[in-house]
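Undergrad: Letter by letter, the chains look like this.
Protein chains: 2
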Amino acid sequence: MASKIEIESAFRDLQNEIIAALEQTDGVGIFKRDEWERDGGGGGITAIIENGAVIEKGGVNFSAVFGTLSKEASLNLGVGADSFYATGVSIVLHPHNPFVPIIHMNIRYFETENEQYWFGGGIDLTPHYVDESDARYFHEKLKLACDRYHPNYYSEFKTWADNYFYLPHRNETRGVGGIFFDRLEGQKRHTSKNELFQFVLEVGKSFAPIYTHFMEKYKDHAFTNAHKKWQLLRRGRYVEFNLLYDRGTRFGLETGGRTESILMSLPATANWEYDFKPLPDSPEAATLNQLKKGITRV
Amino acid sequence: MASKIEIESAFRDLQNEIIAALEQTDGVGIFKRDEWERDGGGGGITAIIENGAVIEKGGVNFSAVFGTLSKEASLNLGVGADSFYATGVSIVLHPHNPFVPIIHMNIRYFETENEQYWFGGGIDLTPHYVDESDARYFHEKLKLACDRYHPNYYSEFKTWADNYFYLPHRNETRGVGGIFFDRLEGQKRHTSKNELFQFVLEVGKSFAPIYTHFMEKYKDHAFTNAHKKWQLLRRGRYVEFNLLYDRGTRFGLETGGRTESILMSLPATANWEYDFKPLPDSPEAATLNQLKKGITRV
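Line by line, the protein sequences are chains A and B. Numbering of the first sequence is given in the numbering used here, commencing with residue 16 and proceeding in unit increments. Numbering of the second sequence is given in the numbering used here, commencing with residue 16 and proceeding in unit increments.
Mixed in with the good hints, there may be bad ones.
[Said to hold, decoys possible] Here are the simulated PhoX-like cross-link-like pairs (lysine-lysine), alpha carbons at most 25 Å apart as the crow flies:
#1 A/LYS234 <-> A/LYS244
#2 B/LYS243 <-> A/LYS243
#3 A/LYS244 <-> B/LYS244
#4 A/LYS243 <-> B/LYS244
#5 A/LYS47 <-> B/LYS244
#6 B/LYS308 <-> B/LYS158
#7 A/LYS156 <-> A/LYS244
#8 B/LYS47 <-> A/LYS292
#9 A/LYS47 <-> B/LYS292
[Said to hold, decoys possible] Derived Cβ-Cβ restraints for the label pairs, each shown as a range:
#10 B/ASP290 <-> A/PHE291: 25 to 35 Å
#11 B/GLY93 <-> A/ARG53: 31 to 41 Å
#12 B/ASN304 <-> A/SER24: 38 to 48 Å
#13 A/PHE266 <-> B/PRO293: 27 to 37 Å
#14 A/VAL313 <-> B/ALA237: 48 to 58 Å
FYI, nobody ran anything at the bench for these hints, they're computed from the structure. C-beta atoms are modelled at their ideal positions from N, C-alpha and C, and glycine is treated no differently.
Take the sequences, apply the hints, and build the full model.
TA: Set out below in C-alpha cells:
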C-alpha cells in the first residue's frame with residue numbers, strides 16, 4: 016500500500032519533471048527554487064518563474080508538512096485526530112500572450128495518526144479567450160486520465176469543477192473548468208489506496224503535456240492592445256476567485272501557511288474597470304457567454 | 016430623534032458634496048452616476064471616477080436598502096428581527112501619483128422593524144509612502160472630529176482601526192490607520208441617537224477637506240518608475256485586504272449586493288511580485304517598517 020514516503024517522493028519527482036518540461040518549452044525562463052521550513056514541522060520547495068518567454072509569472076510548488084492538529088481543525092475536518100501529515104504539488108501559471116490560457120493544477124494527500132487519509136486535487140484551464148476545440152482537447156485529455164481508473168470519475172469530477180471554479184458574484188465560471196475532487200478514500204470509493212494514488216499521479220503527469228501543447232500552439236499568436244486589456248481584466252477575475260473563494264488559499268493563510276508560496280497564484284498585473292461590458296458580438300462577449308456552468312463536457 | 020428619512024437625506028447630500036469637492040480639486044475627472052435598484056427593496060447611486068487628473072479610479076457610493084432579514088442573518092446580527100433598513104456612504108479613491116495616498120471612508124446606519132438600530136463607519140489612509148507629518152495631520156483631523164463628541168472616541172476607534180485594517184498574513188497594517196467603529200447605539204454609549212448621527216455625519220464631512228488637502232499637496236509631486244512600481248505592489252496589498260478581510264465586501268457579495276458597486280474599491284491596476292523585498296534603507300523599506308499596529312497615535 017502506498018506509504019506517505021512513497022507518495023511524497025513521487026510528488027517531489029513530479030515537481031521536478033514539470034519544471035523541466037516548462038523550462039524546455041519556455042526556452043528562456045528558469046524556475047527559482049526556494050526551500051523553506053515550517054515552524055510546526057516539514058516544509059517545501061517553492062519554485063517560481065518570472066518573465067519567461069512564454070510564462071510571465073507562475074509557480075510549481077511542492078510541500079510536505081506535518082504537526083499537531085488543533086481541536087478546531089480536527090473538528091472541522093471531522094477526523095478526531097491530534098496530528099496530521101500532508102503533501103502536495105500546486106501550480107498556477109500566467110502567460111504573457113493573451114491567447115495562451117492560464118492554468119492551475121493541484122494534487123494532494125492528507126493523513127492522520129489514526130490511519131485516516133484522503134487524496135484531493137484538480138486541474139482547470141482559464142483561457143482569456145475561449146476556443147471550443149481547445150476546451151474539448153483539454154477535457155478529452157482529462158477524461159482519458161480519469162477513464163483509466165473509473166468510468167464515472169470524469170463525469171463526477173467535471174461537475175465538481177464546474178461548481179468549485181465558479182464566481183457566484185459574477186455568475187461566471189473561472190474558465191472552461193476541468194476536474195476537481197477532494198477526500199477520495201479507497202474504501203468509500205470501492206478501490207484501494209494505491210489505485211487512488213496512481214490516479215492522482217496520472218492527473219499530475221497529464222499536466223505538462225497539456226500545458227506545453229497550449230504554450231507551443233499560442234506563444235507566437237499575434238495580439239493587440241485590446242486583447243491585452245481583456246487579459247488583464249480576466250486576470251482581475253482570477254484574483255477575485257483566489258482571494259474570495261479558493262479554499263486552499265484561505266485555509267493556508269488562516270493557518271499560518273507561507274504567504275509568498277500561497278500567493279504565487281496571483282498574476283504579475285491585473286486590472287479592474289468599473290462595469291466593463293464587451294462590445295456585442297465581440298470575441299470578448301463570446302467568451303463571457305461561454306463561462307457558464309456545464310461548459311464543455313466531453 | 017433622527018429618523019431614517021433624515022439620515023438617508025443627509026447621506027444623500029453628503030455624497031453630492033463630496034463629489035463636488037473632489038471634481039473641483041481633480042479639475043478633469045467627472046463622476047459617472049449609476050442609479051440602481053435592489054430586487055428586495057431600495058437601491059443606490061454608485062458614482063465612479065475613472066482617469067481624472069489626480070484620481071485614477073474610485074467611487075463615492077450611496078445606498079439605502081431595505082427588506083426581509085433571513086433567519087440566518089437575523090441570528091448572525093443578534094437582532095431577532097424579520098426586516099431591516101440600511102443606508103450608507105462608501106468611498107475608495109486610488110490616485111495616479113504614488114505620493115497621493117489611497118483613502119477609504121464609510122458611514123452607515125442600520126435599523127430593524129423592532130426598533131433596534133446602530134451606526135458604523137470609519138476612515139483610513141493608505142499612503143504608498145508613509146510621511147509621518149502627513150499621518151499626524153490626518154489623525155489630528157480625525158481626533159478633532161471625535162473630541163467634539165466624546166473624549167474617548169478617538170482613542171477607542173483608533174485602536175479599532177489598527178485591528179481592523181490589518182493583513183495578518185503579511186503582519187502589516189493596510190496603511191497609517193484612522194478610525195473604525197461599529198454598532199454604536201445611543202443607550203449603550205450613554206448618549207442619544209441624534210448625537211451619534213451628528214458624530215457620524217461629522218466623520219463624513221471631515222472627508223473632503225482631508226483628502227483634497229492631500230490631492231493638492233502631492234498631485235504634481237515628481238515620481239520615477241520605481242515609485243510607480245512600489246505603488247502597484249502596495250495596491251496589490253489593498254486588493255488582498257479588500258477581498259480576503261473586508262467585512263463589507265464579503266457580506267455584500269455573499270448577500271447578493273451589487274457587485275460593481277462593491278468592487279469599485281479595487282484599483283485600475285495592481286501588481287504582485289514573488290517575495291518582493293525593498294532595498295535596505297530605501298524609502299520603501301522605511302514605509303514597510305512603519306506599517307505596524309499602533310502607528311501614529313495623536
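Undergrad: Hints first: check each against the structure and report whether it holds.
TA: Hint check results:
no.	hint	in the structure
1	A/LYS234 <-> A/LYS244	holds, 17 Å
2	B/LYS243 <-> A/LYS243	holds, 20 Å
3	A/LYS244 <-> B/LYS244	holds, 19 Å
4	A/LYS243 <-> B/LYS244	holds, 19 Å
5	A/LYS47 <-> B/LYS244	holds, 22 Å
6	B/LYS308 <-> B/LYS158	holds, 18 Å
7	A/LYS156 <-> A/LYS244	violated, 30 Å
8	B/LYS47 <-> A/LYS292	holds, 16 Å
9	A/LYS47 <-> B/LYS292	holds, 16 Å
10	B/ASP290 <-> A/PHE291: 25 to 35 Å	holds, 31 Å
11	B/GLY93 <-> A/ARG53: 31 to 41 Å	holds, 38 Å
12	B/ASN304 <-> A/SER24: 38 to 48 Å	holds, 42 Å
13	A/PHE266 <-> B/PRO293: 27 to 37 Å	holds, 29 Å
14	A/VAL313 <-> B/ALA237: 48 to 58 Å	holds, 57 Å
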